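Letter by letter, the chains look like this.
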Amino acid sequence: SQQGEEDPQALSIQEGENATMNCSYKTSINNLQWYRQNSGRGLVHLILIRSNEREKHSGRLRVTLDTSKKSSSLLITASRAADTASYFCATDPGSGGSNYKLTFGKGTLLTVNP
Amino acid sequence: DSGVTQTPKHLITATGQRVTLRCSPRSGDLSVYWYQQSLDQGLQFLIQYYNGEERAKGNILERFSAQQFPDLHSELNLSSLELGDSALYFCASSVGAVGWYGYTFGSGTRLTVV
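Protein chains in written order, with our numbering: chain A, 1 to 114; chain B, 1 to 114.
Don't read these hints as lab results, they were simulated from the structure.
It is possible that part of the hints are untrue.
Stated by the list, open to error - Simulated pairs of lysine-lysine, DSS-like, Cα-Cα distance not exceeding 27 Å:
no., chain 1, residue 1, chain 2, residue 2
1, B, K9, B, K57
2, B, K9, A, K106
3, A, K56, A, K70
4, A, K26, B, K9
5, A, K106, B, K57
6, A, K70, B, K57
To be verified - Covered by chain A, according to a simulated footprint, are these stretches of chain B (three or more residues, beta-carbon under 8 Å):
no., region
7, 24-34
8, 43-49
9, 73-79
10, 93-100
To be verified - Quick look at which bits of chain A chain B covers, simulated, 3 or more residues with Cβ under 8 Å:
no., region
11, 52-65
12, 71-82
13, 102-112
All values derive from a computational prediction rather than experimental measurement.
The beta-carbon is built from N, C-alpha and C at its ideal position, and this holds for glycine as well.
Make a model of the complete structure from these sequences and hints.
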């Protein structure tokens, strides 16, 4: 079952515009991570935000986390055609042991048109 | 190149057959995770090994098994294959027993069962 759910499922924008993707989750987390996947390829880790952080930046990426609403957003500024990919949020429950697993949502497919 | 190596990249086999997928983690990483990605189920966690021992288990079918060897490479064995097992199988690795700094993914093995 998916812990994180991304919204929207698909997003199409023009080059230079900003893209915002949202993620909602159900249970408490230690951290939340965002990954990118180009078509049929492996996932690439983009950014990690811990439960005690509210905002984090990495280059053109900005991630926010609202633990009271159990939601996160990923903003990509000044998008490029090369940003076209699926974006996944993944929630980390923070406890080790046999129940530990990083759980992924179904992703947002971002298309950036040149 | 992420540093996580998966072989083979593509595999086509018939129903009822058995296959072995191989993963070499990034140098220095002790944990290996296996995920299955299909269009309808998304990314599903299968199993984790840490330093040679099973650490966590997800929705892995009884027909599937895995192990991690002393050199830390891992193999995922899929037997009595069914059409529904067709999917992308990803291996990921992390330094510790939990992925608190993110996972590094391989490029995946695309399994097609005919």
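Cross-check of the supplied hints:
Distance hint between K9(B) and K57(B) is fulfilled; the C-alpha atoms sit about 24 Å from each other, no more than 27 Å. The suggested pairing of K9(B) with K106(A) holds, with an alpha-carbon distance near 23 Å, which does not exceed 27 Å. Proximity of K56(A) to K70(A) is assessed by CA-CA distance (about 16 Å); at most 27 Å being required, the pair is judged to hold. Annotation: proposed proximity of K26(A) to K9(B) is violated, straight-line Cα distance about 34 Å (limit 27 Å).
Taken as a hint, the K106(A) and K57(B) pair is honoured in the structure, with Cα atoms around 20 Å apart against an allowance of 27 Å. This hinted pair checks out: K70(A) and K57(B) have alpha carbons roughly 25 Å apart, not beyond 27 Å. Coverage of the region 24-34 of chain B by chain A is violated in this model, with 1 residues showing a Cβ closer than 8 Å to a Cβ of that chain against a need of three. Under the rule that three or more residues need a Cβ within less than 8 Å of chain A, the assignment of the region 43-49 of chain B holds, with 3 such residues.
With a threshold of 8 Å between beta carbons, the proposed coverage of the region 73-79 of chain B by chain A is violated, since 0 of its residues qualify and at least three are required. For the region 93-100 of chain B, the stated coverage by chain A holds: 4 residues have a C-beta nearer than 8 Å to a C-beta of that chain, and at least 3 were required. For a cut-off of 8 Å, the count of residues in the region 52-65 of chain A with a CB near a CB of chain B stands at 0, and the three-residue condition is violated. Proximity of the region 71-82 of chain A to chain B, defined as three or more residues with a beta carbon under 8 Å from a beta carbon of that chain, is not established by the 0 residues found.
Evaluation of the coverage hint for the region 102-112 of chain A: fulfilled, as 6 residues show C-beta separations to chain B shorter than 8 Å, against a requirement of three.
The structure fails to meet hints 4, 7, 9, 11, 12 from the earlier list, while all remaining hints are met.
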